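Novice: Quick mapping for you: the protein sequence lines, in order, are chains A and B. For the first sequence, my numbering begins at 1 and goes up steadily by one. For the second sequence, my numbering begins at 1 and goes up steadily by one.
None of these hints come from the bench; they were simulated from the model. Treat the hints with caution; some may be incorrect.
[To be verified] With the Cβ distance kept under 8 Å, some of the chain B side facing chain A (calculated, not the full set): (1) K42; (2) L49; (3) Y76; (4) A78; (5) L99; (6) S100; (7) A103.
[As the list claims (entries may be wrong)] Derived EDC-like pairs: lysine to aspartate or glutamate, alpha-carbon spacing no greater than 20 Å straight-line: (8) B:K98 - A:D59; (9) A:K9 - A:E72; (10) A:K9 - B:D39; (11) B:K98 - A:E99.
Given the structure is predicted, the values throughout are model-derived calculations rather than measurements. Even glycine gets a Cβ: it sits at the ideal position worked out from N, Cα and C.
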Amino acid sequence: DGGITQSPKYLFRKEGQNVTLSCEQNLNHDAMYWYRQDPGQGLRLIYYSQIVNDFQKGDIAEGYSVSREKKESFPLTVTSAQKNPTAFYLCASSVGLYEKLFFGSGTQLSVL
Amino acid sequence: KQEVTQIPAALSVPEGENLVLNCSFTDSAIYNLQWFRQDPGKGLTSLLLIQSSQREQTSGRLNASLDKSSGRSTLYIAASQPGDSATYLCAVLSNDYKLSFGAGTTVTVRA
Numbered sequence: 001d002g003g004i005t006q007s008p009k010y011l012f013r014k015e016g017q018n019v020t021l022s023c024e025q026n027l028n029h030d031a032m033y034w035y036r037q038d039p040g041q042g043l044r045l046i047y048y049s050q051i052v053n054d055f056q057k058g059d060i061a062e063g064y065s066v067s068r069e070k071k072e073s074f075p076l077t078v079t080s081a082q083k084n085p086t087a088f089y090l091c092a093s094s095v096g097l098y099e100k101l102f103f104g105s106g107t108q109l110s111v112l
Numbered sequence: 001k002q003e004v005t006q007i008p009a010a011l012s013v014p015e016g017e018n019l020v021l022n023c024s025f026t027d028s029a030i031y032n033l034q035w036f037r038q039d040p041g042k043g044l045t046s047l048l049l050i051q052s053s054q055r056e057q058t059s060g061r062l063n064a065s066l067d068k069s070s071g072r073s074t075l076y077i078a079a080s081q082p083g084d085s086a087t088y089l090c091a092v093l094s095n096d097y098k099l100s101f102g103a104g105t106t107v108t109v110r111a
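Just need the whole structure built from these sequences, with the hints factored in.
Specialist: What follows is the structure in structure tokens.
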């Protein structure tokens, strides 16, 4: 089955710790995205990538980092600089930039 | 900056009633508008995508209309079922290639 896989489903971060969220797709899509979802708010873009080895900051990139070494993979690291990391994180992909988006099932990150 | 609003934030209807969900946006210079469904604790599933040149799109019981000049889109779901209970989000792709999401409308269909 083609799709986007995010792992883990739940993640807990300790003070001062960096954590990495995984996103893998087998749809052969060029574009990939990371969004943050907070209760009662619309999704906000953290980073996006149009092609391997290239990525761009979104609206709320501070405290986050990404890499795109393979077409299939776009991991997101939440660094200790992100002071309010508790949120639901969604990875998405599309054939071309902002064409029909396909989403993963999300990772809920909480702070211990 | 594009602002996308979905009102109401929540609604509850009896099974069989038609659903009407609203999405408004402030800048009419858009490429397209998408409607998504999100189940609790899950990702988003694309329902319909309307290009700026289109007035509506249909898929089964779902119909979405777009009035760009007034900055509005409406998602109609005919003959609602309990399985339609979910949060519905709209997203607008502006001409500056920014995708802006609304906060969503949470729908409960009572059996």
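Novice: Flag every earlier hint the structure violates by its number, smallest first.
Specialist: 3 and 4
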